[in-house]
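Enquirer: Going by our numbering, the first residue of the first sequence is number 200, and it counts up by one from there.
Bear in mind the hints are in silico, worked out from the structure with no lab data behind them.
From the three backbone atoms N, C-alpha and C, an ideal C-beta is built for every residue, glycine too.
DEER-style ranges, computed between Cβ atoms:
1) Tyr394 with Asn209: 47 to 57 Å
2) Val285 with Val342: 38 to 48 Å
3) Asp348 with Asp206: 45 to 55 Å
4) Asp206 with Leu393: 51 to 61 Å
5) Asn209 with Arg353: 40 to 50 Å
6) Asn209 with Asn317: 36 to 46 Å
7) Val285 with Trp444: 34 to 44 Å
8) Asn338 with Asp281: 34 to 44 Å
9) Asp252 with Ser332: 28 to 38 Å
10) Val342 with Ser419: 22 to 32 Å
Cut-off 20 Å, straight-line C-alpha distance, at most; resulting in silico cross-link-like pairs (EDC-like, lysine to aspartate or glutamate):
11) Lys293 with Asp266
12) Lys241 with Asp270
13) Lys463 with Glu446
14) Lys318 with Glu276
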Amino acid sequence: MKIHGVDITNPDKILFPESNSSKLDVINYYKNFSGQIMPFLKGRPLTLRRFPDGVNHQGFFQKNASDYFPDFIKTVEVQTDDGKNVSVVCNNLKTLLYLANQGTIEFHTWLSRIDKLNKPDKVVFDLDPASGSFNSLKNAAEVIREFLDKKGIRCKLTTSGKNGLHLWYTKRRTQTFDQSREEVKHLAEELIGLYPDLLTIEMRKDDRDGKIFIDYPRNSYGQTTICPYSLRATLNGSIATPISWEELSSIKSSQEFNLGNISKRRRH
DNA sequence: GTCTCTG
DNA sequence: CAGAGACAACGCAGG
DNA sequence: CCTGCG
Ligand SMILES: [Mn+2]
Ligand SMILES: [Mn+2]
Numbered sequence: 200m201k202i203h204g205v206d207i208t209n210p211d212k213i214l215f216p217e218s219n220s221s222k223l224d225v226i227n228y229y230k231n232f233s234g235q236i237m238p239f240l241k242g243r244p245l246t247l248r249r250f251p252d253g254v255n256h257q258g259f260f261q262k263n264a265s266d267y268f269p270d271f272i273k274t275v276e277v278q279t280d281d282g283k284n285v286s287v288v289c290n291n292l293k294t295l296l297y298l299a300n301q302g303t304i305e306f307h308t309w310l311s312r313i314d315k316l317n318k319p320d321k322v323v324f325d326l327d328p329a330s331g332s333f334n335s336l337k338n339a340a341e342v343i344r345e346f347l348d349k350k351g352i353r354c355k356l357t358t359s360g361k362n363g364l365h366l367w368y369t370k371r372r373t374q375t376f377d378q379s380r381e382e383v384k385h386l387a388e389e390l391i392g393l394y395p396d397l398l399t400i401e402m403r404k405d406d407r408d409g410k411i412f413i414d415y416p417r418n419s420y421g422q423t424t425i426c427p428y429s430l431r432a433t434l435n436g437s438i439a440t441p442i443s444w445e446e447l448s449s450i451k452s453s454q455e456f457n458l459g460n461i462s463k464r465r466r467h
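Using the sequences plus the hints, can you model the full thing?
Expert: Below is the structure:
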């Protein structure tokens, strides 16, 4: 079977046993939502998370493009602390479908683009809840939004598809990753001054006291965040989904949207 | 999912 | 030939 | 140096 010229193997293999979703379901999801996900993938180094035998089996992260990946897949060399990686870049539909056929469930993207790897064009406030209470997480997102709004920064919102929320905005590519991260850290410290019982940047889990962790180190060089519209390797096939601020009030968890209901979601 | 190494 | 292993480091905080 | 963290 071929879709857009890409060989699809084992289309009936079940990758999400709980929702009975097959490999073809995954590939069709990425095909049908390519218009939404591609703008977020284009031009950015990727880390893949693959589950060739389904999310109930062992999966693996992949930072380096496999030698056997076809020529239509773009790659980029990125410097690491000790050497380099050859990252995959998903610039077209064929690449997206090929990687999906490879069992890629999750696409994690850099905060910078390949033509200026050392200057991020995105800032993310990665909000990681200690556990349970999604309501306090929503509250945290709201107060951070208002805080940034007063500084003239308009941010957007994405469910991570697991437990947290990502609040993010774009900027001109003038700062290094170190500068960007330090700026987010300072903003987070200011926020903690205002909401000491709600937010924390303590690195040790034991020191977080049930508060919401603003994971500012996500803004460091070489780090990735889950790409908007990426599937997650959860039993229900949840999806990292951009949502409006109005929509935030009505959702009950970060896994609100999944393979089964994403198509019926009201558009914004 | 595919390659490579080992027996 | 079948079966097992690899496929991710990494960048930072804090002690 | 080490471990924890995501
Ligand atoms: Mn998170
Ligand atoms: Mn995080």
